[in-house]
Each structure stands twice: as structure tokens, then as C-alpha cells.
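There are 2 protein chains.
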Amino acid sequence: MKVVVQKYGGTSVGSVERIEAVADRVSRVRAEGAAVVAVVSAMSGETNRLIKLAKDLAPSPAERELDVLMATGEQASAALLSIALQKRGVPARSFLGHQIRIGTDSAFGRARIRNIEIESLREALGAGDVAVVAGFQGVDDAANITTLGRGGSDTSAVAVAAAIDADACEILTDVDGVYTTDPRICPEARKLDRISYDEMLELASLGAKVLQIRSVEAAKRFDVPVHVRTSFDDRPGTWVVGEEAGMEEILVSGVALDRDQAKLTVVGVPDRPGLATQVLAPVAHAGIVVDMIIQNVSHEGDTDLTFTVPQGDFDRSLEMVRKIAEDIGASGVVGDPEVVKVSVVGLGMRSHAGVAAQMFEVLARENINIQMISTSEIKISVVLDSKYGELAVRVLHRAFIEEKPDD
Amino acid sequence: MKVVVQKYGGTSVGSVERIEAVADRVSRVRAEGAAVVAVVSAMSGETNRLIKLAKDLAPSPAERELDVLMATGEQASAALLSIALQKRGVPARSFLGHQIRIGTDSAFGRARIRNIEIESLREALGAGDVAVVAGFQGVDDAANITTLGRGGSDTSAVAVAAAIDADACEILTDVDGVYTTDPRICPEARKLDRISYDEMLELASLGAKVLQIRSVEAAKRFDVPVHVRTSFDDRPGTWVVGEEAGMEEILVSGVALDRDQAKLTVVGVPDRPGLATQVLAPVAHAGIVVDMIIQNVSHEGDTDLTFTVPQGDFDRSLEMVRKIAEDIGASGVVGDPEVVKVSVVGLGMRSHAGVAAQMFEVLARENINIQMISTSEIKISVVLDSKYGELAVRVLHRAFIEEKPDD
Numbered sequence: 001m002k003v004v005v006q007k008y009g010g011t012s013v014g015s016v017e018r019i020e021a022v023a024d025r026v027s028r029v030r031a032e033g034a035a036v037v038a039v040v041s042a043m044s045g046e047t048n049r050l051i052k053l054a055k056d057l058a059p060s061p062a063e064r065e066l067d068v069l070m071a072t073g074e075q076a077s078a079a080l081l082s083i084a085l086q087k088r089g090v091p092a093r094s095f096l097g098h099q100i101r102i103g104t105d106s107a108f109g110r111a112r113i114r115n116i117e118i119e120s121l122r123e124a125l126g127a128g129d130v131a132v133v134a135g136f137q138g139v140d141d142a143a144n145i146t147t148l149g150r151g152g153s154d155t156s157a158v159a160v161a162a163a164i165d166a167d168a169c170e171i172l173t174d175v176d177g178v179y180t181t182d183p184r185i186c187p188e189a190r191k192l193d194r195i196s197y198d199e200m201l202e203l204a205s206l207g208a209k210v211l212q213i214r215s216v217e218a219a220k221r222f223d224v225p226v227h228v229r230t231s232f233d234d235r236p237g238t239w240v241v242g243e244e245a246g247m248e249e250i251l252v253s254g255v256a257l258d259r260d261q262a263k264l265t266v267v268g269v270p271d272r273p274g275l276a277t278q279v280l281a282p283v284a285h286a287g288i289v290v291d292m293i294i295q296n297v298s299h300e301g302d303t304d305l306t307f308t309v310p311q312g313d314f315d316r317s318l319e320m321v322r323k324i325a326e327d328i329g330a331s332g333v334v335g336d337p338e339v340v341k342v343s344v345v346g347l348g349m350r351s352h353a354g355v356a357a358q359m360f361e362v363l364a365r366e367n368i369n370i371q372m373i374s375t376s377e378i379k380i381s382v383v384l385d386s387k388y389g390e391l392a393v394r395v396l397h398r399a400f401i402e403e404k405p406d407d
Numbered sequence: 001m002k003v004v005v006q007k008y009g010g011t012s013v014g015s016v017e018r019i020e021a022v023a024d025r026v027s028r029v030r031a032e033g034a035a036v037v038a039v040v041s042a043m044s045g046e047t048n049r050l051i052k053l054a055k056d057l058a059p060s061p062a063e064r065e066l067d068v069l070m071a072t073g074e075q076a077s078a079a080l081l082s083i084a085l086q087k088r089g090v091p092a093r094s095f096l097g098h099q100i101r102i103g104t105d106s107a108f109g110r111a112r113i114r115n116i117e118i119e120s121l122r123e124a125l126g127a128g129d130v131a132v133v134a135g136f137q138g139v140d141d142a143a144n145i146t147t148l149g150r151g152g153s154d155t156s157a158v159a160v161a162a163a164i165d166a167d168a169c170e171i172l173t174d175v176d177g178v179y180t181t182d183p184r185i186c187p188e189a190r191k192l193d194r195i196s197y198d199e200m201l202e203l204a205s206l207g208a209k210v211l212q213i214r215s216v217e218a219a220k221r222f223d224v225p226v227h228v229r230t231s232f233d234d235r236p237g238t239w240v241v242g243e244e245a246g247m248e249e250i251l252v253s254g255v256a257l258d259r260d261q262a263k264l265t266v267v268g269v270p271d272r273p274g275l276a277t278q279v280l281a282p283v284a285h286a287g288i289v290v291d292m293i294i295q296n297v298s299h300e301g302d303t304d305l306t307f308t309v310p311q312g313d314f315d316r317s318l319e320m321v322r323k324i325a326e327d328i329g330a331s332g333v334v335g336d337p338e339v340v341k342v343s344v345v346g347l348g349m350r351s352h353a354g355v356a357a358q359m360f361e362v363l364a365r366e367n368i369n370i371q372m373i374s375t376s377e378i379k380i381s382v383v384l385d386s387k388y389g390e391l392a393v394r395v396l397h398r399a400f401i402e403e404k405p406d407d
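Going line by line, the protein sequences match chains A and B.
For the first sequence, our numbering assigns the number 407 to the last residue and increments by one with no breaks.
For the second sequence, our numbering assigns the number 407 to the last residue and increments by one with no breaks.
It does not matter which identical chain is used: a pair holds within one copy or between any two.
Within a straight-line C-alpha distance of at most 30 Å, the following computed DSSO-like cross-link-like pairs (lysine-lysine) qualify:
| hint | residue 1 | residue 2 |
| --- | --- | --- |
| 1 | Lys87 | Lys52 |
| 2 | Lys87 | Lys55 |
| 3 | Lys2 | Lys87 |
| 4 | Lys191 | Lys387 |
| 5 | Lys2 | Lys220 |
No wet-lab data here; the hints were simulated from the structure.
Being a predicted model, the structure only gives us computed values, none of them experimental.
Turn these sequences into a full structure, and let the hints steer you where they fit.
So, in C-alpha cells, the structure goes:
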């Protein structure tokens, strides 16, 4: 029998009416002969309501208890969807993290799934029941409740799909798939039918927030085909899959814009081993996520080190780095609290030379100055003055996707 | 070390401010040197909110899933109180039904506690933590979540107190103790300092809804002293305890009024064995709780059978009993949809004769006609026309409690 895992996000179960619609959809899939596991998020707004209660009591609530609190959101959704299914004559049973059981480490608020015991789930499916799984939650070895972090229900769905060897994992959401770029910036953006895990990882981390990045990693690791589609109608969305023949022929699959970037440069640093660590370790230690890091070749024994951080961490980073610069004898620190990062992503880059050169040429034609460059095997990212972000996305989308260059 | 179990009801944890007050109170008790287990209900209003969601999806939601849904209320309260305690520098840890674990049967919505494994609880108390327990919930042998029924947190508290052999079990609520009668009816009502389990059982089942009746049964069975008191200040309330020397000298501890009674009489029933069963079994089978049952001695081979039911079940019962009356050849059915039951309760009745006679005399003096009488070892109940209910309570309270008769 075909086994389908469907994950419904917070908007999809955000009201009694939406839960009814989800129950109808699950019923249809089951009526077509599939065994269905429905993974649900908390009703939209619920997570924020709970966080507010906790923050009203303590500015930084203990993480263990925050997880106990948060887990109630998905628990309620799972019960409610089960009730709606049973009302339709569809046998259904809810499963919480400790009932399935979804074993995780003990990193409250950002736990990682270690193992899934699926006996009870298999038993329910075997009996003809729809299994409704509370997403986002697990349980550690000491029976503490854990949560996987925001968007963790995607990861729950993929992990369950892998564990029961499901035929497909559908992520039902409020967008209808993965686009070549943000349609609000570039009306010519088009929905992709298929995209590889690796491309999706680069796009997800670059701000195309359709799928939680860890769920894509999990899908890749266990080779689970993921179908991202809207819960509002039956149109097919985008399949996120392993690499397939033909995929490499597409040079660029997507263009992403990350607006949340700030830039810091330590100028005139005496160039010696361990320099980057000296500057960046304290920043990372303070919990600040450093994204791009560039170090130029030194001239006359000195070098410059530039890196980007989220804009909200700019002031804190600047203060920290100024102190470090003084300690290590650098001449100074300059920064820009607001830059953007534009990236092109595509499997084809691995075998096609010249994509970077063409990218720089397209930007130069518009007089857009490139401040930093960083490349990976299937991605080229540039940091720009923030005012050029949207223009850069549009011209790159036109050059690489609408006009489909041959090389 | 002294171990105190404190149960906080829905009103006591009904808002962020109230949770803060509870955290202060728990902190004080702990600072005085006691190990504290705090058992919490759902925030007031939360249970109704959840039930409404479920009922909007299905008029009679599956009980298993309703329990999964309901259990989130107490789970959230437990997490929030733990967060508030930690904020105050008091180490605290929440425990859910499956974590303690509170084992129950599988009667969803009205489960009974079978056994409690308290190792994790003991470990927490031993480490100096306050253990915050989600009330009302348990887990059956198949790891399904169960709930104990409305007010079940009282039972959770008593059961946990028994299991860990606590020195006291405090029920913190929005009333300040158990009264000799309802002060809204009789301003002379006074708070009792102590009352026996048996008296409390009779009073609780008679409408003095301070403690869930099952929690009193559990307290009696395991001999747990229960202290019912307000959560709003530090005044002592009422201790519900085993019988103690001197208790029997008090003839009447309380006078209770039950307004929710309706009366049905099957008239002219041929008196033969099995009559009561024939009439009442179908009623009980329909889930209607029959309270008082009276059968008079027969005259000329016929007898009358009278019983009371909750007023909301009167019409249904009447219809049912009319059909039965026809089948068994009774002459007819008469009923009164609105009567009241007034009861006097007291351990002293066991050894003092004449309480009933005195009660009837007091009522007769006011020209109050008694329609039915029922007695137990420590209770006398009469059914009256509903218009006499409050007057009867006042005159009986004066006669038995304010004037304290010697016999």
C-alpha cells in the first residue's frame, strides 16, 4: 500500500474551518487508497500566544519548560484534526512525540532527531487508521519533552517519512511551490517543477523560506522525495528530490535575495596565522551567526578581514570587534549596517565555467558595484549596497532564467 | 524534610499575575524548609476554549482525542508556573502525567488512577527542585493520555500526596474553606476548622462543591490530611481529616441544599420482586443518575415507587418511565420537574438518637411539607417543594448549628 506523509503548517490548521478543509483533503487521499500520516503544526498564532505568556513571566524562560509549553500547540492540533477526521467516518489516532516515539538529543528548543520508533505508527496504519502526528516535538532519553525549533514540523514530517519508508512526503503550505526568485520582486519568477536537495539547501539558507533547512538536509540524507505544495487547492507544487538526469543542464535554478546582512571590516590587521580566529571566535561565541567571510591577500604585511552578520547583531558585533582590533594592533574597523546578498544557485555551475564572469558582467552593465564575492560549488553570492538588491535580482533572473544562456 | 503537596485550581493560575502570586506563595513555603509539589489545573477559561474548538468540529468528539486536547491545558500551566519559579531563583521542574508517571485505566474523560511511579518526583525533590505537576491527567498502559474528569486535579494532588507520603495536601482555591452551609443562603454560616472525610463526602455529593468527591474518597482511603484554603491570602481554611476524638460530639457539621432535583413517581405498581430494577435499570442505562429512591410498603398488592433525577433529565426520564409503567401495568406516572433536597450531615448522628425527629419538627414548625425522606448513617435528606429550600436551610442551620442542641 502506498504510504503518504502530509505535513500541514500553522496557516493550514489555523481555524476550525481550515482544519475541516485539511480533514477533507486527508480523507480524499485515503479514499484513493493511500495510508496517510498527517503531521501538524500548531494553529497559527498559538505559538506566539504561548511565547508571550512565558515572556510575561520571565524574559528568558528556562528552555526545558518552554518546550513543555510549546509542545501543547501541536498536541492540540493533532487532537483536533483527529476529531475532524473521525467526524467524517475516517478512523484516526493522534500521536505525540513520546508516543511514536521521536527520540531526540536534549538540546531544548533546537533538538535534533536521533531515532524514531515507529511500531505504534505502523500498527495504526495497518489497522486502517490515519495517524495524526504532532510535529515539532520529540522526547529525550530522560523522557523530557523537546522541540525541534521553529519550522521543525517539516523536519518531523521528513524524518517520519524516512522512518516508515513513505512513498512521498508532502509539505502543504500557504505558498504553491518553490520559485526561481521572489515573485514580489520579479514578476517573471516561475514555479519550479523539480529542484535538487542541494539547490534547495542553498536557496533555503539564502532566504527562500519555504522549507526549513534541516528538513531538506534530512530529506537528502534519507533520500525522501518532498513535494512542496499549497494546502488551498490541488495544483501540484515543486518536488525536491535527489539529482536526476537532465538537472545539470539547467545552469541556474534560482536567484535569492537576503536583505538581512550587515558588513564589518577590520582594516590593516598584521597578517599572521590565527588572525581570523582571533577576530571571529569571540563573535561566534556571543551567538552571532557570521555568514560570509573574506580575507584579501596581504600587502606590506597588513591585510583586511571582512565579514557579514545579521543586521540586528551589527551594533553588538561592532563594539566587540573594535575592542579586538585594538588588542591585535589593527588600524581600525569600518562597517555598513545595511547591505544585501544576492546569490545565483544551480547544479549546472559545477560543469559550466564562466557563470561567475557572466554574473559580474550583468551587474556591471547596471553599474552595480560588488563589495564582496563568495562562491560554492553550486552557488555564487555577492554583497551589494542595499539599494541595488532588487535591481540585481531582476537583471540576474532575466539573464540566467528567462533568457536561459547556453553556457 | 517536610513534604507539602499544593494544588492550585484554574482561578489561582488564571492569568500571568495570578501565576506570579502562586510562584511567590510556593517560594515562601519552600523557603520555610518544605519540599513542595505544586499540582496545577488549566488556566481558567482554557478548558472551555478547548472544548469549544472540539465541539465546533464534531458534536461528540472521540474521547481519546478529547483527552489529548484537554491535557494541553494543565501542561501549559505546569510549564508556566515552573518558568515563574525559576525566574525567582527557585529551581523547578514540570512533570506531565506520563513523566511521573500517573497510571490510570483507559476510561477516557473519567479515568481512575491505578498506580503512581514517583521515582522521578522523588529525585527532583531530593535535588531541591519544586516539582510542578500537571493535574487532571494520566496515562494508560498503552501510553494513551487520559484525563480524570472535571475537577480531577484535586484527585491528582491527593493521589500524589499519598504516593510520596506527604505531610499535607493543600487545596488552594477561590473559597476559603468548607462552610456549615452556603453563606449566600444563610449569613450565619461559619467556616469549619475540621471536618471528617465521611462528612465531607456527604457534603460534597450534596452540592457543597469545594472538593471533587473522588479526591475525598482517595484522601480517606490513603489517610491524607487535606487542607482546603484560599489561594488569595494566608488564612487557614478547613482541614479534611480522619475521625478524631471529639468529632462525634458535634451532632451536625453542615446543612446542604441541592437545587437540581426532579421527582418521578410510578403510581399503583403491582408489588412483585424485581419491580425497582424493571423501572430503574432502563433509566440508569440511559446515563441518567438516579439519586434518592423510595418505595412505600404496599397496600392491596400495589405500591408506589418514587425517585429523583437531575432536572435536565426530567423530560427524558418521564417519557421513558411512562412507557415502562404501561408495560408493567402500573396505573400511572406523576412527576415534579423542580424539587429540592435538603440534608443535614454529622458524625454525631451515629450515636445520638432523635436527630431525624428534631429535623422534622423544625420543618413542621415552619409548615414545610416533607415529600421524601432518606437517611444514611451520618446524613438525613428530605425532598421539599423547591420554594421552601432556602427557608429550610436557614431554620435547620439555626436549630442544629447556631443553637448547638445537646442531643
